[in-house]
Amino acid sequence: AQSVTQLGSHVSVSEGALVLLRCNYSSSVPPYLFWYVQYPNQGLQLLLKYTSAATLVKGINGFEAEFKKSETSFHLTKPSAHMSDAAEYFCAVSERQAGTALIFGKGTTLSVSS
Amino acid sequence: DTAVSQTPKYLVTQMGNDKSIKCEQNLGHDTMYWYKQDSKKFLKIMFSYNNKELIINETVPNRFSPKSPDKAHLNLHINSLELGDSAVYFCASSQDDREGSYGYTFGSGTRLTVV
Numbered sequence: 016a017q018s019v020t021q022l023g024s025h026v027s028v029s030e031g032a033l034v035l036l037r038c039n040y041s042s043s044v045p046p047y048l049f050w051y052v053q054y055p056n057q058g059l060q061l062l063l064k065y066t067s068a069a070t071l072v073k074g075i076n077g078f079e080a081e082f083k084k085s086e087t088s089f090h091l092t093k094p095s096a097h098m099s100d101a102a103e104y105f106c107a108v109s110e111r112q113a114g115t116a117l118i119f120g121k122g123t124t125l126s127v128s129s
Numbered sequence: 040d041t042a043v044s045q046t047p048k049y050l051v052t053q054m055g056n057d058k059s060i061k062c063e064q065n066l067g068h069d070t071m072y073w074y075k076q077d078s079k080k081f082l083k084i085m086f087s088y089n090n091k092e093l094i095i096n097e098t099v100p101n102r103f104s105p106k107s108p109d110k111a112h113l114n115l116h117i118n119s120l121e122l123g124d125s126a127v128y129f130c131a132s133s134q135d136d137r138e139g140s141y142g143y144t145f146g147s148g149t150r151l152t153v154v
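Protein sequences appear in the order of chains A and B.
Per our numbering, the first sequence starts with residue 16, numbered consecutively.
Per our numbering, the second sequence starts with residue 40, numbered consecutively.
A portion of the hints provided could be inaccurate.
From the structure, some residues in chain A lie toward chain B, with a derived Cβ separation under 10 Å [said to hold, decoys possible]:
#1 Y51
#2 L59
#3 L61
#4 F78
#5 K83
#6 S99
#7 D100
#8 A107
#9 S109
#10 T124
#11 S128
Think about it this way: if two alpha-carbon atoms lie no more than 20 Å apart in a straight line, the pair counts; the simulated EDC-like pairs of lysine to aspartate or glutamate are [as the list claims (entries may be wrong)]:
#12 A:K73 x A:E103
#13 B:K79 x B:D109
#14 B:K80 x B:D109
#15 A:K121 x B:E97
#16 B:K83 x A:E103
#17 A:K121 x B:E63
#18 B:K79 x A:E103
#19 B:K110 x B:E121
#20 B:K48 x B:D69
#21 B:K106 x B:E63
#22 A:K121 x B:D77
#23 B:K48 x B:E97
#24 B:K91 x B:D77
#25 B:K75 x A:E103
#26 B:K80 x A:E103
#27 B:K83 x A:D100
#28 B:K75 x B:D124
#29 B:K80 x A:E79
#30 B:K58 x B:D77
Don't read these hints as lab results, they were simulated from the structure.
Small disclaimer: the values here were computed from a predicted structure and weren't measured.
Think of the CB as a built atom: it goes at the ideal place given N, C-alpha and C, for glycine as much as any other residue.
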């Protein structure tokens with residue numbers, strides 16, 4: 016069964032600092048991988064997704080993630096954090112088959128201080 | 040136009056009541072899902088339907104019953120509500136697009152509070 020592990024339930028950075036949120040997946044075959052963001056009391060917004068094209072994926076709001084098969088990782092980064100980036104971030108995985116559900120990690124809360 | 044819409048957005052009800060949450064998508068997607076987000080923010084798949092056919096039915100109490108009248112709608116009915124059912128419920132839909140990747144679109148959620 017597929018799964019994702021997000022290392023670190025809370026990450027705190029200063030405004031302007033590098034953001035690094037870690038995600039490792041478990042899958043017998045290369046899956047599709049996603050990062051979602053959830054702002055307080057809101058729904059889920061897709062940041063970016065990996066679907067076997069370029070291993071470095073650029074998303075919205077300056078975020079990017081790199082798929083590393085050898086490390087089974089899909090870490091999310093942003094060079095410079097903004098206060099508005101404070102939110103809950105979820106890594107998710109799905110099989111390469113239509114109609115399969117997204118399986119989510121437990122989430123990482125990002126705090127940004129001024 | 041909202042792609043995946045859920046109603047109601049908030050639902051407060053007493054234990055033992057029966058309630059329904061409705062979901063509609065106007066994206067033409069074939070598959071729809073219900074997820075539950077608990078108080079610790081953990082998102083767990085509950086059900087999925089593909090063209091009105093039940094595909095995924097995770098370990099969920101049988102008090103929860105999904106119903107899909109057509110592929111654009113997936114409703115969630117909950118009988119005999121319990122305190123532990125309090126959560127945010129998200130509807131989602133997906134389609135295998137032409138690039139061979141998947142697009143999952145989520146609704147804005149329904150916050151259910153059982154008192």
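Outcome of the hint check:
A least Cβ separation of about 8 Å between Y51 (chain A) and chain B falls short of the 10 Å threshold, and the interface hint therefore holds. A hinted interface residue such as L59 (chain A) counts as satisfied when its beta carbon comes closer than 10 Å to some beta carbon of chain B; here the least separation is about 4 Å, so the hint holds. At its closest, the beta carbon of L61 (chain A) sits 7 Å from a beta carbon of chain B; the interface hint therefore holds under the 10 Å criterion. For F78 (chain A), the interface hint is violated, since its Cβ never comes within 10 Å of a Cβ in chain B; the closest pair sits about 17 Å apart.
The interface hint given for K83 (chain A) is violated, since its Cβ lies 19 Å from the closest Cβ of chain B, which is over the 10 Å cut-off. Hint status for S99 (chain A) relative to chain B: violated, with the closest Cβ pair at about 19 Å, above 10 Å. Taking 10 Å as the C-beta contact cut-off toward chain B, the hint placing D100 (chain A) at the interface is violated, the least distance being around 17 Å. For A107 (chain A), the shortest C-beta to C-beta distance to chain B is roughly 8 Å, which falls under 10 Å, so the interface hint holds.
With a least beta-carbon distance of about 6 Å to chain B, the hint placing S109 (chain A) at the interface is held under the 10 Å criterion. At a threshold of 10 Å, the smallest CB-CB gap from T124 (chain A) to chain B is about 8 Å, leaving the interface hint in force. Checking S128 (chain A) against chain B: minimum C-beta separation of about 21 Å lies over 10 Å; hint violated. This hinted pair checks out: K73 (chain A) and E103 (chain A) have alpha carbons roughly 19 Å apart, not beyond 20 Å.
For the hint pairing K79 (chain B) with D109 (chain B), the CA-to-CA distance comes to about 33 Å; that exceeds 20 Å, so the pair is violated. Note on K80 (chain B) and D109 (chain B): the hinted pairing is violated, with a Cα-Cα distance of about 30 Å set against a maximum of 20 Å. A hinted pair counts as satisfied when its Cα atoms are at most 20 Å apart, and K121 (chain A) with E97 (chain B) qualifies at roughly 18 Å. Note on K83 (chain B) and E103 (chain A): the hinted pairing holds, with a Cα-Cα distance of about 16 Å set against a maximum of 20 Å.
Of the pairs offered as hints, the one joining K121 (chain A) and E63 (chain B) is violated, with about 27 Å between alpha carbons and a cut-off of 20 Å exceeded. Using a Cα cut-off of 20 Å, the hinted pair K79 (chain B) and E103 (chain A) holds, with the two alpha carbons roughly 11 Å apart. This hinted pair does not check out: K110 (chain B) and E121 (chain B) have alpha carbons roughly 29 Å apart, beyond 20 Å. For the suggested pair K48 (chain B) and D69 (chain B), the alpha carbons sit about 24 Å apart, so the restraint of at most 20 Å is broken.
For the hint linking K106 (chain B) to E63 (chain B), the alpha-carbon distance of about 12 Å falls within 20 Å, and the restraint holds. Distance hint between K121 (chain A) and D77 (chain B) is fulfilled; the C-alpha atoms sit about 11 Å from each other, no more than 20 Å. For the hint linking K48 (chain B) to E97 (chain B), the alpha-carbon distance of about 24 Å lies beyond 20 Å, and the restraint is violated. For the suggested pair K91 (chain B) and D77 (chain B), the alpha carbons sit about 26 Å apart, so the restraint of at most 20 Å is broken.
Taken as a hint, the K75 (chain B) and E103 (chain A) pair is honoured in the structure, with Cα atoms around 16 Å apart against an allowance of 20 Å. Our distance criterion of 20 Å between C-alpha atoms is met by K80 (chain B) and E103 (chain A), whose separation comes to about 9 Å. For a cut-off of 20 Å, the pair hint linking K83 (chain B) to D100 (chain A) is broken: about 24 Å separates their Cα positions. Taking the CA atoms of K75 (chain B) and D124 (chain B), the gap is about 9 Å. The hint holds against a cut of 20 Å.
A distance of roughly 23 Å separates the Cα atoms of K80 (chain B) and E79 (chain A); the hinted pair therefore is violated under the 20 Å criterion. For the proposed pair K58 (chain B) and D77 (chain B), the alpha carbon gap of about 18 Å is at most 20 Å, so the pair holds.
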